[in-house]
Amino acid sequence: MAELFRLLSLQDSSTRVVMLSTACLAVAAALVGSLAMLRRRALVGDAVAHASLPGICLAWFVAGDRSLAVLLVGALVLGLACMAIMALVQRLTKAREDATTAIAISGFFGLGIVLSRMIQNQPGGNRAGLDGFLFGKAASAVTSDAWLVLAVAAIAVTTILALRKEFGLLCFDRDFAAGIGRPVHRLDALLLVLVALVTVAGLPSVGVVLVVALLVIPPAAARCWSSSLSTMLVAAAAIGAASAIIGTGLSAVLPPPAGASGGWPTGPMIVLTAAVLFVLSLLLAPERGVLMVMWRWHRRREGNPSILGNTR
Amino acid sequence: MIDPSLAPEPWLTVDDLWTMATAVLASVACGLVGCWLVLRRLSLLGDAISHAVLPGIAGAFLLTGTRDVLPMLAGATVIGVATAFISSALGRWGRVDRDAAMGVTFTSLFALGVVMMSLAARQVDLDPGCVLYGLLEFVPFDTVELLGMPVPRAAAWLGAVLVIDVVLMLAFFKELRATSFDSAHAASLGIRVGVVHLGLMAAVAANTVVAFESVGSILVVAMLVAPGATARLWTDRLVPMLWLASGIASATAIVGYLAALELNTSAAGMIATISMVGYVGSVGAVVTIGATRRSSRVGRPSLSEPLP
Chain U
1 MAELFRLLSL
11 QDSSTRVVML
21 STACLAVAAA
31 LVGSLAMLRR
41 RALVGDAVAH
51 ASLPGICLAW
61 FVAGDRSLAV
71 LLVGALVLGL
81 ACMAIMALVQ
91 RLTKAREDAT
101 TAIAISGFFG
111 LGIVLSRMIQ
121 NQPGGNRAGL
131 DGFLFGKAAS
141 AVTSDAWLVL
151 AVAAIAVTTI
161 LALRKEFGLL
171 CFDRDFAAGI
181 GRPVHRLDAL
191 LLVLVALVTV
201 AGLPSVGVVL
211 VVALLVIPPA
221 AARCWSSSLS
231 TMLVAAAAIG
241 AASAIIGTGL
251 SAVLPPPAGA
261 SGGWPTGPMI
271 VLTAAVLFVL
281 SLLLAPERGV
291 LMVMWRWHRR
301 REGNPSILGN
311 TR
Chain L
313 MIDPSLAPEP
323 WLTVDDLWTM
333 ATAVLASVAC
343 GLVGCWLVLR
353 RLSLLGDAIS
363 HAVLPGIAGA
373 FLLTGTRDVL
383 PMLAGATVIG
393 VATAFISSAL
403 GRWGRVDRDA
413 AMGVTFTSLF
423 ALGVVMMSLA
433 ARQVDLDPGC
443 VLYGLLEFVP
453 FDTVELLGMP
463 VPRAAAWLGA
473 VLVIDVVLML
483 AFFKELRATS
493 FDSAHAASLG
503 IRVGVVHLGL
513 MAAVAANTVV
523 AFESVGSILV
533 VAMLVAPGAT
543 ARLWTDRLVP
553 MLWLASGIAS
563 ATAIVGYLAA
573 LELNTSAAGM
583 IATISMVGYV
593 GSVGAVVTIG
603 ATRRSSRVGR
613 PSLSEPLP
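Chains as they are written, first to last, in the numbering used here: chain U, 1 to 312; chain L, 313 to 620.
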């Protein structure tokens with residue numbers, strides 16, 4: 001109980017740093033992810049995340065300096081390369097976008113595993129730092145890492161707020177946006193770069209496999225609540241921040257399960273919280289929530305004449 | 313006299329051959345099932361299912377306390393079918409597109425699986441990392457007696473799965489073909505489209521869980537999707553596509569394994585890398601060949617493009 005109070009009052013400086021940085025990241029990811037989802041590119045972030053693993057390994061090989069920033073630059077470079085390859089294949093073949101995405105996800109991840117095994121085989125190479133990227137190590141974030149995440153989040157949020165109208169036009173009617181002379185190709189590219197930036201910034205805390213959840217789940221939940229873009233963006237940001245704060249809090253407060261070696265993993269707990277918020281949104285949303293729809297359907301079957309008259 | 317210690321080491325040991333055979337079996341079994349996923353534009357569902365089976369496996373383990381394959385297979389198949397079902401329901405109710413619905417489903421289930429595994433982690437060597445990249449190199453150390461000789465357990469299981477896959481595919485070939493190309497027409501012929509779809513999803517989940525033990529849950533996606541997608545680039549006909557996919561799957565597994573042996577690195581990772589290289593290379597080759605053919609037929613390449 002004292003522990004809980006200590007946590008909730010944010011006295012513990014390491015918990016405070018972790019909560020603040022994951023919450024800011026989740027807000028940025030929710031905003032970028034909303035636009036990516038409306039642009040029907042929800043899973044591009046997944047490909048970028050998986051491609052970042054070989055990027056981290058290459059940075060490890062190339063740079064003598066093994067600080068987080070250098071590794072993340074490597075991740076960003078390969079993430080962008082992966083997107084470029086996918087776009088090129090798409091343009092050349094008209095083939096199945098889904099097959100290309102799936103192959104990119106597993107192929108780049110495979111390359112990452114090949115490279116990380118080679119690092120492990122090197123004399124003096126240890127992979128402990130790399131394994132943290134698979135599932136994330138939010139709990140061990142230090143202040144300098146948090147500044148990096150904050151900077152990325154600030155860039156993403158500022159860009160989206162500044163170009164809100166242009167992005168909205170791009171997502172809802174790309175042809176019209178092109179017709180009135182908006183630079184749609186450049187806007188598309190900018191959106192993809194933002195996806196890559198946010199994904200890479202999320203790697204240290206949430207990990208390669210689950211970082212896409214921050215891009216997808218809060219926007220999907222927000223979609224239940226609103227049909228207007230600005231409301232949806234606000235709702236997605238709120239749901240993202242709530243998931244990050246509640247998830248981090250739970251993993252810090254819950255007692256380690258009996259017999260388990262570690263505690264509750266932070267990244268997966270954040271994702272599970274977001275999933276619960278998503279299910280609640282799906283059930284409770286005022287206009288198209290499942291409960292509301294069922295209630296309306298029930299009333300209609302009861303034979304309430306006014307409703308019958310309105311709908312038929 | 314020849315000093316026996318100077319004799320060259322055999323390039324491949326029996327263990328290597330068994331491991332390679334296991335990889336080929338996994339690759340061909342997944343590749344054949346994956347062809348249907350590619351044709352139905354459901355490649356990402358293969359990705360989603362292979363992530364989402366994690367809680368099924370962990371749940372079966374927590375309930376039974378053993379690493380027996382059968383309970384895990386049952387758990388994973390149930391969750392796999394549930395993933396397909398939940399993502400299509402979410403797409404309909406949540407008004408998000410199919411990709412986003414799948415993204416929500418599989419990340420949530422995968423997170424649940426990781427949490428369940430970290431609860432169980434102390435008791436066994438079932439760690440999430442090994443689920444992600446598999447342990448192909450340890451295949452020869454776990455054998456069963458079959459026809460009087462020791463056969464790796466994974467190879468026996470994958471062989472059985474491959475046989476079942478082929479038998480089912482031959483038995484329901486007409487239904488699979490009809491539903492994959494024109495589901496409305498198939499329904500008018502009296503084929504239960506939904507049942508065929510669920511059956512295929514169950515097959516994907518079962519293949520995934522048997523293969524994942526040796527190759528890992530993310531690399532299994534490469535085995536599912538890459539052979540079918542690569543074969544589809546080269547041919548427009550169904551039966552040649554299935555044969556070509558099996559050939560590509562075997563070749564990828566063999567080349568990947570040998571390359572990994574040479575570089576002393578992860579075989580599963582190398583196989584996935586080679587799959588991707590094969591796909592991108594095929595795209596390049598097909599585009600180049602197509603361009604050459606067009607230009608030689610028309611004579612003047614600059615005019616061969618249709619007018620806008």
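Treat the hints with caution; some may be incorrect.
Covered, in the sense of this in silico footprint (three residues per stretch, anywhere, with C-beta under 8 Å from a C-beta of chain U), are these stretches of chain L [to be verified]:
1) 347–355
2) 358–366
3) 483–489
4) 577–585
Everything labelled a hint here was simulated from the structure, so no lab data went into it. Built from N, CA and C at the ideal position, the CB exists for glycine as well.
Status of the hints after comparison with the structure:
1. 347–355: n = 4 at 8 Å, threshold three: holds.
2. 358–366: Contact hint for the region 358–366 of chain L vs chain U: holds, 3 residues under 8 Å.
3. 483–489: Per the Cβ count (0), the hint is violated.
4. 577–585: holds (count 8)
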